[in-house]
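Novice: What follows is each chain in one-letter form.
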Amino acid sequence: MTTIKVKVLLFAHFADIAGSNQLELELDEPAHVADCARALAAKYPGLEDILKIGRAAVNDQFADESHMLHDTDEVAFLPPVSGG
Amino acid sequence: MPWIQITREPIDPTLVSDHVDREGCGALVTFSGTVRGKSHGKAVLYLEYEAYLALAEAELGRVVQEAETNFGVRAAVQHRIGRVFPGESSILVAAASPHRASAFDACRWIMDTIKTSVPIWKREHHSEGVDWIEGDTAVPAIILRPIS
Chain A
17 MTTIKVKVLL
27 FAHFADIAGS
37 NQLELELDEP
47 AHVADCARAL
57 AAKYPGLEDI
67 LKIGRAAVND
77 QFADESHMLH
87 DTDEVAFLPP
97 VSGG
Chain B
1117 MPWIQITREP
1127 IDPTLVSDHV
1137 DREGCGALVT
1147 FSGTVRGKSH
1157 GKAVLYLEYE
1167 AYLALAEAEL
1177 GRVVQEAETN
1187 FGVRAAVQHR
1197 IGRVFPGESS
1207 ILVAAASPHR
1217 ASAFDACRWI
1227 MDTIKTSVPI
1237 WKREHHSEGV
1247 DWIEGDTAVP
1257 AIILRPIS
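First to last, the sequence lines map onto chains A and B. The numbering used here runs 16 ahead of the 1-based position in the first sequence. The numbering used here runs 1116 ahead of the 1-based position in the second sequence.
It cannot be assumed that every hint is accurate.
Chain A regions said to be covered by chain B (calculated; three or more residues, Cβ under 8 Å) [stated by the list, open to error]:
| hint | segment |
| --- | --- |
| 1 | 31–43 |
| 2 | 71–85 |
Part of the chain B face toward chain A, derived, beta carbon under 10 Å [said to hold, decoys possible]:
| hint | residue |
| --- | --- |
| 3 | Met-1117 |
| 4 | Tyr-1168 |
| 5 | Thr-1232 |
Source of the hints: derived by calculation from the structure; they are not laboratory data. The C-beta atom is built at its ideal place from N, Cα and C for all residues, glycine as well.
When you get a sec, could you build the whole thing from the sequences and use the hints?
Specialist: Below you can see the structure in the form of C-alpha cells.
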C-alpha cells in the first residue's frame, strides 16, 4: 500500500490540543480529508470532532471531508471563527 | 479587486478610506470594531488575534467583492491581528455609495459575514484566565503557545 505525506495546519484550540500548529502525517492511499481527521484524532485525543465542530481547507481553499488528498498537500482544520 | 489588508500595526482609518474609490459617491460609512474592556463580567486585559493568513486574505477579499456587487458600493477592510488592547480598534470597514442607505447596509453585512466566514480567531486574556473564542463558544486555552 502506498502512502502520502501531508502537512497539517491547526488553529485556535485545535492547535493547543496537539501542542503545535503544524505537523506532518502519513496517510494510506486513497486518503480524503476525513481520513486525515481520523488519523489526527488517533494521535491526539480531544480532536475527534474537528470536522463536526469546524471546517477544513486544503491548499488554502475551503474543502469538504470527501476532498481527495495528494502527497505534499497542506490540510488545515479550522474551529468556528471569531474575527472582527 | 477591493483593497483589504491584514496587519499587525494599529488600524489606520484614513488609509482604509483612501483606498475606497469615492467618485460619484455622496456617502462614506466607516465602522470600527473595538475591544471591549469587559466580557461576560470579566475584565479583559487584551485580545490576541490569530489568522490563517492565506485563506483569511482570500476570504476577506471575496466578502468585500460580494458586498460591492450586491449593494452597489465600493468598500475596503483592514483587520488587525496580534495583541489588541481594550479601546483599540481591531477592524475597520469603509463603504461608499451614491446614497447613504446602501453604504450603511453594506458595512453591516460585511461585518456580519466576516464574523462567520473569515478564518481569524481571538484569544481573550481576562481577569480569570485565557479563552479561545470560537463562534459563540469560549474554550479555555490549555497552553499559552505563541500565535502566528
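Novice: Next step is simple, just say for each hint if it's right about the structure.
Specialist: Structure-based check of all given hints:
1. By the rule of at least three residues with a Cβ nearer than 8 Å to a Cβ of chain B, the coverage given for the segment 31–43 of chain A holds, with 6 such residues.
2. With 4 residues carrying a beta carbon less than 8 Å from a beta carbon of chain B, the segment 71–85 of chain A meets the three-residue requirement, and the given coverage holds.
3. The criterion of a C-beta within 10 Å of any C-beta in chain A is not met by Met-1117(B), whose closest approach is roughly 17 Å, and the hint is violated.
4. Below 10 Å, beta-carbon pairs count as interface contacts, and Tyr-1168(B) has one with chain A at about 6 Å; its hint therefore holds.
5. Evaluation of the Thr-1232(B) hint against chain A yields a held restraint, the C-beta minimum of about 7 Å falling below 10 Å.
Going down the numbered hints, you'll see the structure goes against just number 3.
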